[in-house]
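A.B. asks: For the record, the sequence lines run as chains V and D.
Using my numbering, the first residue of the first sequence is number 1, and each one after it goes up by one.
Using my numbering, the first residue of the second sequence is number 1, and each one after it goes up by one.
Simulated from the structure, these hints should not be mistaken for laboratory data.
All C-beta atoms in this analysis are idealised placements derived from N, C-alpha and C, irrespective of residue type, glycine included.
Hints are supplied without guarantee of correctness; some may be wrong.
To be verified - Between beta-carbon pairs, the in silico distance windows are:
hint : chain 1 : residue 1 : chain 2 : residue 2 : range
1    : D       : Gly152    : V       : Arg385    : 15 to 21 Å
2    : V       : Val371    : D       : Ala57     : 57 to 63 Å
3    : V       : Val490    : D       : Val83     : 21 to 27 Å
To be verified - Here's a subset of chain V near chain D, in silico, CB distances under 7 Å, partners left out:
hint : residue
4    : Leu82
5    : Arg192
6    : Gly196
7    : Pro389
8    : Tyr429
To be verified - Here are some chain V residues pointing at chain D (derived, C-beta under 10 Å):
hint : residue
9    : Ser79
10   : Glu191
11   : Val216
12   : Tyr339
13   : Ala408
14   : Gly421
15   : Arg428
16   : Leu450
17   : Leu454
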Amino acid sequence: MDALTDLAAGFADALTPINLLFAFIGVLLGTAVGVLPGIGPAMTVALLLPVTYVLEPTSAFIMFAGIYYGGMYGGSTTSILLNTPGEASSIMTALEGNKMAKAGRGAAALATAAIGSFVAGTIGTLLLALVAPTVVDLAIGITAADYFALAVFAFVAVATVLGASPLRGLASLGLGLYLGLVGTDVLTGQERFTVGVPQLSDGIDVVVVAVALFAVGEALYVASRLRHGPVQVMDASGPYMTRSDLRRSWAPWLRGTALGFPFGALPAGGAEIPTFLSYASERRLTKHPEEFGKGAIEGVAGPEAANNAAAAGVLVPLLTLGLPTSATAAILLAAFQGYGIQPGPTLLTTESTLVWTLIAALFIGNTMLLVLNLPLAGVWVKLLRIPRPYLYAGILLFASLGCYAVNADPLDLVLLLLLGGLGFVMRRYGWPVAPAIIGLILGPIAETNLRRALAISGGDLSVLVDTWFSRIVLLLSFLALVVPIVLRVVRGRRSTPEELQETGELRHHETAAANREGGEGS
Amino acid sequence: MTAPEPVPAPPGDVGSPATGPPETAAARAGRNNGELALTVLLGVLGVYLVVDAGSIAVPGSASNVGPRFFPYLVGGLIIVTAVALGVRVFLGDRGPADESEDVDLTAGTDWRAVGIIAAAFLAHALLINVIGWPLAVTLMFGTIAWALGARGIVRPLLAGGITSVVVWIVFVKALNVALPGGTFLELATSWF
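With these hints in hand, go ahead and build the complete structure from the sequences.
C.D. replies: Written out as structure tokens, the structure reads:
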């Protein structure tokens, strides 16, 4: 097979000692930063972006592959060992993982998560390698109008399907689209919304916005409501996987992978929904229903595999279409652009070596994670005990570094603080941050394609629904916009992870009044 | 859990265990004026986009889909969203406040810590080109750690100082990132 030959060539490029070193550093940094509480995968990638500034693209992307998977894995370690909710995609892992750690089976929980991540990551990356060339073949004839339709779909899906409140998602998307407009219009060279500040004519740097919304916004938000008192970290104690643990884990790993990859690969990607579904299905299929809610290993194995498979799936639209569908993918896209590489259907031909090296590096990083994580669990536990005042002061220190390193301009830091304030109020009122990042990065690409399509048609808007592809995608976008809102009105909100743990069923609440009682979306 | 009303923490409250009173369902159903203000600001942004888009110069050669088209679209989307969200918030709808590992959703808002951190960050931004990144960031680190309840003054400053100097050496000397080190550190490391 063609893909396998290319992949072998990618391995040949990635398996040099120096590149293995970069992969190792990436995995180590990604996991260490990802383990830190309050830092999700997107923030991990954003904060570590400056480390790669000086590297040449191949090494940088090998390191990124490690950071990407390392950050994902680090997040689940945090949620197993800390008895507090973390980022959306590892909430489901935390439900049972936490109970297991409390019952003295922390090591087994970490082991099933690590091996599950490895299995899902390997299968997911293999599927990525096999699917990507096919998707590129299909996408090569795509028109500007089709691409615009895809972008609209990604916007709507990220804003309304994920997150608790569709309108708040749209508000966040609008903010991101606005930030993407600031600067010089690429097609005509006109300045837009720069309010007379010369530095803004180059546009607002994506790194600044990402670090501001994630790192600074999060630090300010946590500072406003810091959980005081001693930090409770559970020990990674007990035996590693027993024979019975393994017997109960392998099927959930595979089922989680099967759920996670397609959901990640859809432009409605993200790991939240597949981890949710995985937990619900494991709960229904288990032979030990009495253990659910008290630390069932299936409830860790399934969602964790789904989480990592989704992370691999997200790379399909990113590498084949240049379409980011999660905040982390959006930051990766920004990193590509930083090297003057524009992901899209032509990427696999123009930057073939780079892409296949990246995919090979994903395999390598994934394997390194497995080898690293079981023995290093004790180190991660120590990292979790960092006193919180130092942790958040440190996050802001690195935010300052990453942001200042972009342009060496203190004005960027003032902008960072202002946008960080925006991130703070968004968190406070439950506006999701991811749609803003997607809007910022995908907005200019969507505009370029829209105007290209309209320029060809001479301004006739019907060109946007000229092909069946764009008609179907725009129809799906419309449904993605309307259905969640209608569902909400008709059936109330989605059940929360805690309720899912109680009942094992995804359900919608009877009345909208329940919305206020529980007050918590999912 | 929903956001409690913004209750300014009394000064000096930092460090004591958070004891926010559990809110009643009635209090939760109330209108959230903070979010209402944010939604109004969003609407103002939308109007600004639409109005200011009209003043973007359109070069003669451009057709009717010039640089104004997309801003109108975005402005329109923002206005519609702001109006719809504004009505929902006015009627008492609340979003779930973000959950995070270190966030205590039952605690009142500690505006003092937020204010100190913002001020410290702004000060460090203005000081970087004067006293160098490591020193500016050390002062910021110390102030933030203090505002978040770290004990003592020496230890936070020492922790920040060591971290910033190590980071500066790694990034400037090994990775060639441009970061002003301040007179002393640049002299001391010029032999690298």
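A.B. asks: Within 15 to 21 Å or not, the Cβ separation of Gly152 (chain D) and Arg385 (chain V)?
C.D. replies: 18 Å, holds
A.B. asks: Less than 7 Å between beta-carbons is the criterion; does Arg192 (chain V) satisfy it with respect to chain D?
C.D. replies: Status holds, d = 5 Å.
A.B. asks: Closer than 10 Å between Cβ atoms is the bar; does Leu454 (chain V) clear it against chain D? Give me holds or violated.
C.D. replies: 4 Å, holds
A.B. asks: Does the closest beta carbon of chain D sit nearer than 10 Å to the beta carbon of Arg428 (chain V)?
C.D. replies: 6 Å, holds
A.B. asks: Hint says 57 to 63 Å; check whether the CB-CB distance for Val371 (chain V) and Ala57 (chain D) agrees.
C.D. replies: 59 Å, holds
A.B. asks: Let's test the interface hint: is any C-beta of chain D closer than 7 Å to that of Leu82 (chain V)?
C.D. replies: 5 Å, holds
A.B. asks: Does the closest beta carbon of chain D sit nearer than 10 Å to the beta carbon of Glu191 (chain V)?
C.D. replies: 8 Å, holds
A.B. asks: Take the shortest C-beta to C-beta distance between Pro389 (chain V) and chain D; is it under 7 Å?
C.D. replies: At about 4 Å, which falls below the 7 Å cut-off, the nearest Cβ of chain D leaves the hint on Pro389 (chain V) intact, so it holds.
A.B. asks: With a cut-off of 10 Å on the beta carbons, see whether Gly421 (chain V) makes it to chain D.
C.D. replies: This interface hint holds because 7 Å falls under the 10 Å limit.
A.B. asks: Is the interface hint satisfied for Ser79 (chain V)? The criterion is a beta-carbon contact with chain D at less than 10 Å.
C.D. replies: At 8 Å from the nearest chain D Cβ, Ser79 (chain V) passes the 10 Å test, so the hint holds.
A.B. asks: Do the numbers back the hint for Ala408 (chain V), that is, is its least Cβ distance to chain D under 10 Å?
C.D. replies: 5 Å, holds
A.B. asks: May I ask you to test the interface hint for Tyr339 (chain V) with respect to chain D, counting a Cβ-Cβ separation under 10 Å as satisfied?
C.D. replies: 16 Å, violated
In the structure shown, a violation is registered for the earlier hints numbered 6, 12, in ascending order.
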